[in-house]
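Participant: Sequence:
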Amino acid sequence: MLEIANIRNNAAEVKQRLAVKNFNELNLIDEVLSLDENRRKIQKQLDDNLNKQNVIAKEIGELFKQGKKEDADKRKNDSASLKEESKQLDTELSKIEEDIKNILVRVPNTPNSIVPKGKTPEENEVVKQWGDIPLFHETAQAHWDLAKKYQLFDLDLGVKITGAGFPVYKGKGAKLQRALISFFLDKAIEAGYLEVIPPHMVNEASAFGTGQLPDKEGQMYHIGLDKFYMIPTAEVPVTNILRDEIVDSLPVKFAAYSPCFRREAGSYGKDVRGLNRVHQFDKVEIVQIAHPDKSYAVLDEMISHVESLLQQLELPYRILRLCGGDMSFSSALTYDFEVFSAAQKRWLEVSSVSNFETYQSNRMKIRFRDENKKTRLVHTLNGSALALPRIVASLLENHQSPDGINIPLALQAYTGFDKIV
RNA sequence: GGAAAGAUGCCAGAGUGGUUGAAUGGAACAGUCUCGAAAACUGUCUUACUCGCAAGGGUAACGAGGGUUCGAAUCCCUCUCUUUCCGCCA
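Note that the first sequence covers residues -15 to 405 in my numbering.
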């Protein structure tokens, strides 16, 4: 959530930025400001009251020691009304703090100044395109057909075992998954990330920390009996590693492979065909905890990392700067990576790299010490590097030939084969 | 699933009602010593909110929430979590 101090100091700018995200409840900002002012007033009153009570308590202790019991008893009466008053103030304060929090969790992050205005994905800005778009003739097959032909994965089998959207990978299809995961992890480690294997379920506090709760619980699978959530991305457990910590040295770089579970309620049509959108998929995620002054350089670094992966996989891609309307709630700046999938003739999103600035760290209380030894909130960033299913889809579609599917050179050491026949 | 114990500062670990935000030890940081290091010695060392231009005040926090009391880390209640043993099991 946004820092209250920031809202206090830059209310006009905050509002103007939020408008870029098409956030139209700008009155909430004014509301939160007046609540905050009130909060401080009550806080002061309460503190003063408690101070008086403490002074009296000390005096009574002293009187007891001197054996002046009657005097002590007299002083006790002085405390009664103060105590009553403090109790009321305290109730008031908790109420107002809750109100402030309830509002703040409903306000999205302020977008960076370079975020384009816009409401729909069409208004995202293409900032780069790499690679030649393959022009296949009519015989080019979609990945779901290629999967059948080469026995790579089976969606119907997944339906039987679990339900729609839970693919069963088989043979070279399974090996390809494993190869991609290892490839992505190795590249991340080379780039200085520490590999972690996080829990695949998280508690409520963790889900709140990265912003999945309270709003997006419908997106996650929930284990009601234990109050756990299946992770929709490794970002959730990995970023929470540093929750409530004061970090000594920045940046911290984590890379994690994990399966991801998403309910994807309401999706339909060509979007969910084949591997285009599934409920369980594998992903390698990179996370960085960065100094506020350096987080945008870090964002660039992460973008380059993702680019190099796609280049090594020989997949044509483009990078989009998401417009205000298409960005996620908690992001300040997001770049999406899309890969062109030859047979479907469309761009598929395979990665999303974002800077959350202090939006997540404020929830998670991840801090560092600045030059003056003051604690400050860090910036958090993360990106997919990469999500597998659509990578597989486009690998199959783009690298198909009449006599099989060619594995990109960089991946061959991991697959152990150079062609799927 | 059954039984027991426990939750205190970065860590270990004292503390059962009154200058205890918290002994002691370790770690860390700074300094003295040293060519340098180690050792030794000295000092520093929680966080959040709030008032103040600042210097510096105030308040809160000993798992969480409530209660008793003039006063609670210390007593009472509820909840959560952790550990150990047994059972089951990859």
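It is possible that part of the hints are untrue.
Simulated pairs of lysine to aspartate or glutamate, DMTMM-like, Cα-Cα distance not exceeding 20 Å [claimed, not checked]:
(1) K101 / E9
(2) K237 / E291
(3) K156 / E9
(4) K36 / E68
(5) K25 / E9
(6) K237 / D284
(7) K36 / D14
(8) K25 / E15
(9) K349 / D266
(10) K159 / D129
Ranges between beta-carbon positions, derived for each pair [claimed, not checked]:
(11) D170 / E109: 44 to 54 Å
(12) G155 / E15: 56 to 66 Å
(13) E9 / A(-11): 39 to 49 Å
(14) K112 / S18: 41 to 51 Å
Simulated from the structure, these hints should not be mistaken for laboratory data.
What you are looking at is a predicted structure, and each value in this text was computed from that prediction instead of being measured.
For glycine and all other residues, C-beta sits at the position ideal for the given N, C-alpha and C.
Participant: Hints numbered earlier in the text: which of these fail when held up against the supplied structure?
Facilitator: Per hint list: 3, 5, 7, 9, 11, 13 violated.
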